[in-house]
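*Asks:* One-letter residues, chain by chain:
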Amino acid sequence: MNDTTGKDRGMPDGMGEKLVSGVLARTSGSPCGRARELLGARADAPLEALDSALLSAHTAHCAACRSLAAVLAWMPQPLVELAEIDPGEAFTAATLRNMLPWRRRAARRLRHLGVEWAGLMRRPRIAWETAYVGAAIIGLLFASPSSPLRNVPGEALRVAQANPVQAFVEISRRQLPETLTTWGDAAWAASGGRAGTAARLWRDDLWDRLARGWQAGTPLTGDTGDLGAALWASEGDRIRDAIGRIKNDFGAIKTELTSAGARKNPHKQQDSSGERHDG
Amino acid sequence: MSDLASILDRCRQGDELAWEALVRQYQSRVYAVALQYVRDSDEALDLAQDIFVRVYKRLETFQGHETFLPWLLRLSRNAAIDHLRRRKARPPRRDIQVEDDPPLADTKPLPDADWESRGRRQLVHDALGKLTSTNREMILLKEIQGLNLKEIAEILGIPVGTVKSRANRARLELAQAILSLDPSAGVSTP
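Protein sequence lines, in the order shown, are assigned to chains A and B. Take 1 as the starting number for the first sequence in this note's numbering and just add one per residue. Take 280 as the starting number for the second sequence in this note's numbering and just add one per residue.
Keep in mind the hints are simulated off the structure, nothing from the lab. Only a predicted model underlies this, so the values are computations on that prediction, with no experimental measurement involved. All C-beta atoms in this analysis are idealised placements derived from N, C-alpha and C, irrespective of residue type, glycine included. Hints may be right or wrong, so weigh each one.
Some chain A residues judged to face chain B by a derived CB distance under 10 Å, without partners named [what the hints assert, rightly or not]:
1) Pro31
2) Arg34
3) Glu37
4) Leu39
5) Arg66
6) Trp74
7) Gly88
8) Phe91
9) Thr92
10) Asn98
Keeping only pairs whose Cα atoms sit at most 16 Å apart, straight-line, the calculated EDC-like set for lysine to aspartate or glutamate is [unchecked claim]:
11) B:Lys336 <-> B:Glu295
12) B:Lys336 <-> B:Glu299
13) B:Lys443 <-> A:Glu37
14) B:Lys336 <-> B:Asp288
15) B:Lys443 <-> A:Glu17
16) B:Lys409 <-> B:Glu395
17) B:Lys409 <-> B:Asp361
18) B:Lys409 <-> B:Asp461
19) B:Lys429 <-> A:Glu37
Given only the sequences and the hints, what does the whole structure look like? Please build it.
*Replies:* Written as structure tokens, this is what we have:
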């Protein structure tokens with residue numbers, strides 16, 4: 001294309017423009033849409049030579065697109081200047097001052113949390129609560145119909161009586177850590193944190209450590225491997241203690257539930273323990 | 280001034296001086312962003328402070344491999360959106376007229392040669408008030424704050440191609456808004 005300026009050679013003033021407008025109106029329509037598309041794209045990357053020439057030819061004749069091109073040409077500078085606007089001298093001081101109440105509140109909350117935690121750990125019932133929640137988790141783990149461990153208890157208990165470490169190994173192989181995590185989180189949510197804290201501590205501190213060891217792939221056999229021996233040596237007392245507490249607490253929970261049931265529904269209790277009704 | 284990573288580390292350790300330095304370094308930018316969202320200088324000051332409180336609370340979540348500015352702008356955008364939602368639920372006592380944008384504060388005296396530049400800045404600021412919020416946000420992130428297409432796509436959660444086309448459209452809409460406010464703005468200057 002040799003001449004893209006489209007000068008009205010040999011035509012009366014304005015006639016060439018009229019002719020072009022008439023032809024475009026009856027054929028492709030206004031080229032301004034395409035011109036604006038190129039004007040927008042030109043801000044991101046240089047146009048191809050031909051596109052650039054066609055655009056120049058169009059803007060030479062179209063006042064609206066020429067104005068738009070002029071604005072687009074100077075617009076980037078003031079836009080960049082708008083990236084930072086000084087909020088005034090007082091802003092920094094006001095911002096830092098407004099941060100103080102929040103920071104004080106946060107520090108106070110942290111202190112309260114520490115005091116509450118220390119108090120929680122000093123309470124004589126903490127061990128009982130830990131065992132209680134642990135027992136509840138274990139109970140739910142084996143009693144729930146949807147539990148993947150539902151079919152395990154018989155075998156697990158049998159092995160547990162013979163060798164507690166072996167029992168943990170067998171259970172862990174059936175994805176105990178994941179299940180425990182689920183139940184631990186559920187206990188956390190359901191108890192509003194306090195009982196859940198105990199459960200989580202118990203779980204994190206004992207079960208997870210054991211589970212990680214087992215999942216590392218060290219095979220444990222009946223007579224226990226090195227890891228089993230090490231685990232048993234370091235955790236044996238705690239495992240025995242935990243199992244003992246679980247056993248005791250199962251008994252306590254059962255008694256408590258039975259007596260609570262009896263208090264709540266003495267007639268039913270009487271019925272179930274008394275005569276049988278006909279019909 | 281030390282490098283930003285060191286300042287951020289110190290802020291995370293609770294160094295108040297580092298935090299003050301960070302606020303000073305970014306306050307103009309955060310205020311500019313807040314102003315584009317709320318279009319009211321007093322409200323923008325409040326929002327900018329809220330943004331800094333949010334930054335302070337969430338500094339721990341800033342990952343070292345990220346670039347700070349896009350992270351800051353993402354946080355600012357979220358804070359602005361929350362602020363606008365709250366404003367919609369509980370409108371302020373006085374009406375905020377989007378049509379009557381406040382003049383941009385100039386804290387430094389300008390030489391005469393800068394009058395034209397100041398006039399254009401004010402004109403662009405006013406024209407931004409005429410845009411749809413989507414187009415204004417696109418101009419803010421791309422043209423004003425200078426983020427690249429990928430960073431904008433991540434902040435807005437849209438594909439890069441969409442960002443590109445929206446950015447073009449927004450730029451044209453802004454130019455047309457400028458011309459509608461001041462037709463003489465389209466006269467080419469030598």
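*Asks:* Hint check: is the beta carbon of A:Glu37 less than 10 Å from a beta carbon of chain B?
*Replies:* The hint holds - A:Glu37 has a Cβ within 10 Å of chain B, the shortest such distance being about 7 Å.
*Asks:* Does the CB of A:Trp74 sit less than 10 Å away from some CB of chain B?
*Replies:* holds (7 Å)
*Asks:* Given A:Leu39 as an interface hint, is its Cβ closer than 10 Å to any Cβ of chain B?
*Replies:* Check passed: Cβ of A:Leu39 comes within 7 Å of chain B, closer than 10 Å.
*Asks:* Within 16 Å, alpha carbon to alpha carbon, are B:Lys336 and B:Glu295?
*Replies:* holds (14 Å)
*Asks:* Is the straight-line distance between the alpha-carbon of B:Lys409 and that of B:Asp361 16 Å or less?
*Replies:* Violated: B:Lys409 and B:Asp361 sit about 22 Å apart, past 16 Å.
*Asks:* Would the hint on A:Phe91 stand, with a C-beta cut-off of 10 Å toward chain B?
*Replies:* Holds - the Cβ of A:Phe91 comes within 10 Å of chain B, reaching about 6 Å at its closest.
*Asks:* Does the alpha-carbon distance linking B:Lys429 and A:Glu37 stay inside the 16 Å limit?
*Replies:* violated (21 Å)
*Asks:* Holds or violated: A:Thr92 as interface residue toward chain B, Cβ cutoff 10 Å?
*Replies:* holds (6 Å)
*Asks:* B:Lys409 and B:Glu395: Cα distance at most 16 Å?
*Replies:* With Cα atoms ~21 Å apart, B:Lys409 and B:Glu395 exceed 16 Å; violated.
*Asks:* Was the hint right that A:Gly88 lines chain B, CB cutoff 10 Å?
*Replies:* holds (7 Å)
*Asks:* Taking 16 Å as the top limit, are the C-alpha atoms of B:Lys409 and B:Asp461 close enough?
*Replies:* Distance of about 13 Å is within 16 Å: holds.
*Asks:* Measuring from the C-beta of A:Arg34 to each C-beta in chain B, is the shortest one below 10 Å?
*Replies:* Violated, because the Cβ-Cβ distance from A:Arg34 to chain B comes to roughly 12 Å (cut-off 10 Å).
When each numbered hint is compared with the structure, violations occur for hints 1, 2, 15, 16, 17, 19.
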